[in-house]
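J.: Given the coordinates of chain F, work out where chain E should sit on it, guided by the hints.
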Amino acid sequence: EAQVTQNPRYLITVTGKKLTVTCSQNMNHEYMSWYRQDPGLGLRQIYYSMNVEVTDKGDVPEGYKVSRKEKRNFPLILESPSPNQTSLYFCASSNWDRVGEQYFGPGTRLTVT
Amino acid sequence: TQLLEQSPQFLSIQEGENLTVYCNSSSVFSSLQWYRQEPGEGPVLLVTVVTGGEVKKLKRLTFQFGDARKDSSLHITAAQTGDTGLYLCAGGDAGNMLTFGGGTRLMVKP
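Those sequence lines, one after another, are chains F and E. Using the working numbering, the first residue of the first sequence is number 338, and each one after it goes up by one. Using the working numbering, the first residue of the second sequence is number 312, and each one after it goes up by one.
In isolation and in its complexed conformation, chain F is listed as follows (with noise of 0.2 Å):
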């Protein structure tokens, strides 16, 4: 079954305490992405990656870094969580040439307290 996974769904953590998000995808997308939601605020693109090896910032990277060593992983790394990371977040991927049309996650709940 074609999918894109996170874990953990859930995470309640303490400000400054590292972590980190996996995501995987099992359709040779070349494409990855991570969003987070929020009320009011809809879905903003954190970093996004073309390939393996490249990443690039999206509307709101401040707080996170990526990496893209895999096709098919791209995890997500809070080095110093704070409580406005606090968030839903979620992982998604596509073709290169269809960016528009993203696989999405089943989304990670953190809390930062």
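None of these hints come from the bench; they were simulated from the model. Treat the hints with caution; some may be incorrect.
Said to hold, decoys possible - To give an idea of the interface, some chain E residues facing chain F are shown, with a C-beta separation under 10 Å as derived from the structure:
| no. | residue |
| --- | --- |
| 1 | Leu-315 |
| 2 | Ser-341 |
| 3 | Gly-353 |
| 4 | Leu-399 |
| 5 | Leu-409 |
| 6 | Thr-410 |
Stated by the list, open to error - Quick look at which bits of chain F chain E covers, simulated, 3 or more residues with Cβ under 8 Å:
| no. | segment |
| --- | --- |
| 7 | 368-382 |
| 8 | 385-397 |
From the three backbone atoms N, C-alpha and C, an ideal C-beta is built for every residue, glycine too.
T.: Same frame as chain F, now just chain E:
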């Protein structure tokens, strides 16, 4: 960053009614997508429109792309409770970023 504004933000209707949701921008998009998101899940792609003036139908849903490729609409005929959800429009630019509108939360009551 290009902006997409959706209206209305919230819509509550009775089953069987028709409705239209709008997605507007001052920018031109190479393509525009509509997604639907249900609680606890990620958005799911409904349709892509590419050509100005294009109309696409998906069962009771009709999608239209404006002639100038700056706006789009989603019309649902005879809404059903299963249509309840958050409807998002999204537009792509030449820089490979995808911009989402704020969404329209639709509630269809039985």
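J.: Look at each hint and say if it fits the structure.
T.: The hints, checked one at a time:
The interface hint given for Leu-315 of chain E holds, since its Cβ lies 9 Å from the closest Cβ of chain F, which is under the 10 Å cut-off. Interface hint status for Ser-341 of chain E: upheld, as the beta-carbon distance to the closest one in chain F is roughly 8 Å, under 10 Å. Below 10 Å, beta-carbon pairs count as interface contacts, and Gly-353 of chain E has one with chain F at about 3 Å; its hint therefore holds. With a cut of 10 Å, the hint placing Leu-399 of chain E at the interface with chain F holds, because the nearest CB-to-CB distance is about 7 Å.
Because the closest C-beta pair between Leu-409 of chain E and chain F is about 6 Å apart, less than 10 Å, the hint holds. Hint on Thr-410 of chain E holds. Least Cβ distance to chain F is approximately 8 Å, under the 10 Å limit. Only residues whose C-beta sits within less than 8 Å of a C-beta in chain E count toward coverage, and the segment 368-382 of chain F has 9 of them, enough to reach three; the restraint holds. Using a Cβ-Cβ cut-off of 8 Å, 5 residues of the segment 385-397 of chain F lie near chain E, which meets the minimum of three, so the contact claim holds.
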